[in-house]
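*Asks:* Each chain, letter by letter, is given below.
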Amino acid sequence: MKVEEIDVNRQIGRIGEILNAREKKRGILIQALQQIQAALGYLPEESVQELSKKLNLSMSEIFSVASFYRMFYFKPRGKKILKVCLGTACYVRGSKNVLNALEQEFNIKSGETTEDLALTLETVGCVGCCGLAPVTTMNENVMGEITGSGKLKAIIQSIRE
Amino acid sequence: MEKLVKLQIDGKEVHAPAGMNLIDAGHLADVFIPNLCYLKGMKGFGACRLCLVEVEGMKSPVIACNTKVREGMVVHTQTEKVRDIRRFILDLILAIHPLDCMTCTKAGICKLQEYAYEYELKGTSFTRKKMGYPIDQINPFIRRDPEYCILCGRCVRVCKEQGTNVLDFIGRGINAEIGTAYNKSLRESGCTFCGSCIDACPVNALPEADRWRKGREWEYKKIQSVCLLCGSGCDILVSVKDGSIQKINTGEKPGSAKKYICAYGRFGYDCIEERTKLVSPLKRVKGELRETTWKDALSIVAGKLKDAGKNTGFISTAGIMNEDALALKKFAKNVVKTKNFDTTLSLYSDVHSLRDSQSALITNSDLLVLVGLNPSQWNRVLPALDASIRKRVNRGGKLIVMNSSDTRIEEAAMLSLKGDELQILKGVAKALIDRGLKADKQLKTAVRDAEITEDMEKAAKLIAEADRPILFTSPSLFDAAANISLIKGRVIAVGLESNARGIALAGLSTEGKTYKEMVNDRMKVLYAVGEVPLTSRPAADFLVVQTSHFTDLAEQADIVLPSTTSFETEGTMIDYLGRLKHINQVIEPMGLTKSHRDILIALSKIIKPAIKKPTDAEIKKMSKGKQKLAFSPFVRKEGFDISPHEFIEAVNASVLKGRRLSWLKEALAAVAV
Ligand code: SF4
Ligand code: SF4
Ligand code: SF4
Ligand code: FES
Ligand code: FES
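These protein sequences, in sequence, are chains A and B. Heads up, the first sequence is in this note's numbering, so the first residue is 1 and it goes up one at a time. Heads up, the second sequence is in this note's numbering, so the first residue is 1001 and it goes up one at a time.
Warning: the hint list may mix true and false statements.
[As the list claims (entries may be wrong)] Derived pair list, reagent style DSBU-like, types lysine-lysine, alpha-carbon separation capped at 30 Å: (1) A:LYS54 to B:LYS1398; (2) B:LYS1418 to A:LYS25; (3) B:LYS1665 to A:LYS25; (4) B:LYS1184 to A:LYS79; (5) A:LYS25 to B:LYS1488; (6) A:LYS53 to B:LYS1043; (7) A:LYS53 to B:LYS1458.
[As the list claims (entries may be wrong)] Ranges of calculated distance between the beta carbons of each label pair, as one might list FRET restraints: (8) A:LEU40 to B:ALA1464: 43 to 51 Å; (9) A:ILE30 to B:GLU1646: 41 to 49 Å; (10) B:TRP1218 to A:ALA89: 55 to 63 Å; (11) B:GLY1123 to A:GLU140: 30 to 38 Å; (12) A:ILE30 to B:TRP1218: 44 to 52 Å; (13) A:ARG77 to B:ASP1270: 44 to 52 Å; (14) A:GLY94 to B:GLN1078: 49 to 57 Å.
Hints were generated in silico from the structure; no laboratory data involved. Ideal Cβ placement from N, Cα and C applies to all residues, glycine included.
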């Protein structure tokens, strides 16, 4: 969804009847940010700039709200998003090695994205599949028991494609 | 509002106005409740919890910054319980703080240091954590070092309240920090470098960029003065050490959210040290300006003035002090005996509008109306007016903007009326009369046929319902706007120069040729006082320039007389709100410089009759205008169409050319593209 398609009154719905203009705008802020991110994968500065004008909320205020939630990204994200679990079970079973190997292979640190936007590397704390430790997720898929170099190679291969 | 409430704080009886919070009420009885996030003048924020106090009858402690006084309340600020909590909070803060008081710029006025001392904390009992945030120091004004930040949020709140909106809380929990949108530097974040955040910060997270080893607070002599760089005439507090200015802050106490000064007022003082500062008289010899003595320079000028007599013209800026203005008028009229004396005021206003403006306080008003005015913090046209209005709005005041062009301030307005200001004023006047407000006959007749739009009706309703409305107007619309004030409210014309009102009240306004005429006609002697904004030589036969810096005009003069800046002179001015303000001398005059009045007095002693320095009584008398307003037709006064922005830059050229302020111009231009 583009910023110009955002309709404050429609999106806020009935609850808008009891809010003043400013509260309404703040009220749809998160929703609007989600829409921008759904369409563009992250929150580009220009789009937030437009939103800031539209809602008459300052850039710093919007950034402040957005940065409060972990779900918003301010930089483009990779096609593949790899999350290495650093939860206790995974950690004990060597997930740190998996992370190090990936960092070296793609020359980025956790939290960063490769220049060609192929990969974003992140860490999480326990994804709830401790039985499969060490675990890594790629986009929505869980990959477990990454112990030998074979599995790791396959993952790297699939990102390189 | 003014109802007094009786309560007890630490055993002392206090009578505090209803609605006051406990921190302020404590002050009334000299009880100082510790606080880090509270800003006097703003609502309590509740971020630091240091102000916890116990109130008898309540189970748990309450925060004093956000608790209002109540009749019969018994408050204890120093119980073992609250002291323990405070000690715990400070302990936590110290765990994320650098603890380098031995070299810290803020030592001596740092609130954290003060409380650590009071609560006997030498360090933290927790594991210390270093966040490793980068320092923002790619601007010459403010060094933002988040490592020292204690997350009190004061900077965020002042920046927001004044409408600049640069800083905010970023992230959350242990990773929360103060930052800008997209973590950019201040330079790229729309920061105006007003430095309000510097004054608000209780620790060393936001000091002036050049403060390192320029002396500690207790070494400074602090002198209250006034900035004379624009029509706002802000109060400033100048810190002096070893005879030179080290820094300038707002005239308000630290920890107060009341006052604003802009980057010019805060950082422009280094023009004092620029190479362009004049330190001795100059005279033209074989086409070149060479240094000479006062004796020589004065006798040449006196000779020329005697010769030229009524063919002499005096032009001045309206940024000179009252004493200089009165001396100049006397000197022109009684000594040189010419009727030609005028100021730059005549480029943007008639005398009557400023002289007959009323007095009012923005902080007391519940409705502000801007008529044909476009103040802006961003291009520094009356920035302090812009900031004061936005603050008022953020504290519950209302704003109406009437302007034929787009303005940025209308974003803060409840109502913005676009179009010809005269039609708007007429319509609103009529709507007020239709609502049953009293007006005299002439006014009623004048607006009889006015058209009332829906917005004019709304504006009239707001004015009618307000308790203390103030109309701020550009001088060219003063008469028309004053008609509204005849029905309700006060009206104030805002000039572009600091002492415009003082100049108007002093009557330093021509009885012969105008400023423009004197510049264009061939005067026998043209005598320019202050930083007169001319770049090419006027047609005059002989040109005397009396100014503090080697300006474009000085470069073309026959004689240059070095005058002091406002930092080197004592005197008075009258600000746009009508307040007579005292300007203290903060440093000794540099080189051979003399004040404008002293130069004129010295000349008068040669030419005769000698004039005297204007007395305090004379100043007091002139500062009281008549201010009796009567109906005048709805017309726009013509001929005042200069660009405020360009004009302010031109009369302050030597200040703005200083090293730091010129960076500002380049940097902001770069961001604007
Ligand atoms: S200098 Fe002024 S505009 Fe810039 S961050 Fe500080 S308060 Fe805000
Ligand atoms: S920078 Fe200073 S004023 Fe701002 S939150 Fe940190 S400590 Fe408080
Ligand atoms: S707003 Fe005007 S008077 Fe105030 S500090 Fe700035 S230049 Fe000086
Ligand atoms: S610790 Fe990794 S899935 Fe639970
Ligand atoms: S001053 Fe009251 S919570 Fe900070």
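*Asks:* So does ILE30 of chain A sit 44 to 52 Å from TRP1218 of chain B, Cβ to Cβ?
*Replies:* Because 48 Å falls inside the window, the suggested range holds.
*Asks:* With the threshold set at 30 Å, check whether the alpha-carbon distance from LYS1418 of chain B to LYS25 of chain A stays at or below it.
*Replies:* holds (24 Å)
*Asks:* Indicate whether the distance between the beta carbons of ARG77 of chain A and ASP1270 of chain B respects the range 44 to 52 Å.
*Replies:* holds (46 Å)
*Asks:* Given the hinted pair LYS1184 of chain B and LYS79 of chain A, is their Cα-Cα distance within 30 Å?
*Replies:* Given pair LYS1184 of chain B, LYS79 of chain A holds - Cα atoms ~26 Å apart, limit 30 Å.
*Asks:* Please check whether LEU40 of chain A and ALA1464 of chain B have a Cβ separation lying inside 43 to 51 Å.
*Replies:* holds (49 Å)
*Asks:* Check the hint pairing LYS53 of chain A with LYS1458 of chain B against an upper bound of 30 Å on the C-alpha distance.
*Replies:* holds (25 Å)
*Asks:* Within a Cα-Cα threshold of 30 Å, do LYS53 of chain A and LYS1043 of chain B meet the stated pairing?
*Replies:* The given pair, whose Cα atoms are some 27 Å apart, holds under the 30 Å limit.
*Asks:* Going straight from one Cα to the other, do LYS1665 of chain B and LYS25 of chain A come out at no more than 30 Å?
*Replies:* Violated: LYS1665 of chain B and LYS25 of chain A sit about 34 Å apart, past 30 Å.
*Asks:* For the pair supplied as a hint, LYS54 of chain A and LYS1398 of chain B, is the alpha-carbon distance within the 30 Å limit?
*Replies:* holds (22 Å)
*Asks:* Evaluate the given range 41 to 49 Å for the C-beta pair formed by ILE30 of chain A and GLU1646 of chain B.
*Replies:* holds (44 Å)
*Asks:* Verify the proposed pairing of LYS25 of chain A with LYS1488 of chain B, using a straight-line Cα cut of 30 Å.
*Replies:* Since the Cα atoms of LYS25 of chain A and LYS1488 of chain B sit roughly 35 Å apart, the hinted pair is violated (cutoff 30 Å).
*Asks:* Within 30 to 38 Å or not, the Cβ separation of GLY1123 of chain B and GLU140 of chain A?
*Replies:* Given range 30 to 38 Å: violated, Cβ gap about 48 Å.
Consistency with the previously given hints fails for numbers 3, 5, 11, ordered from lowest to highest.
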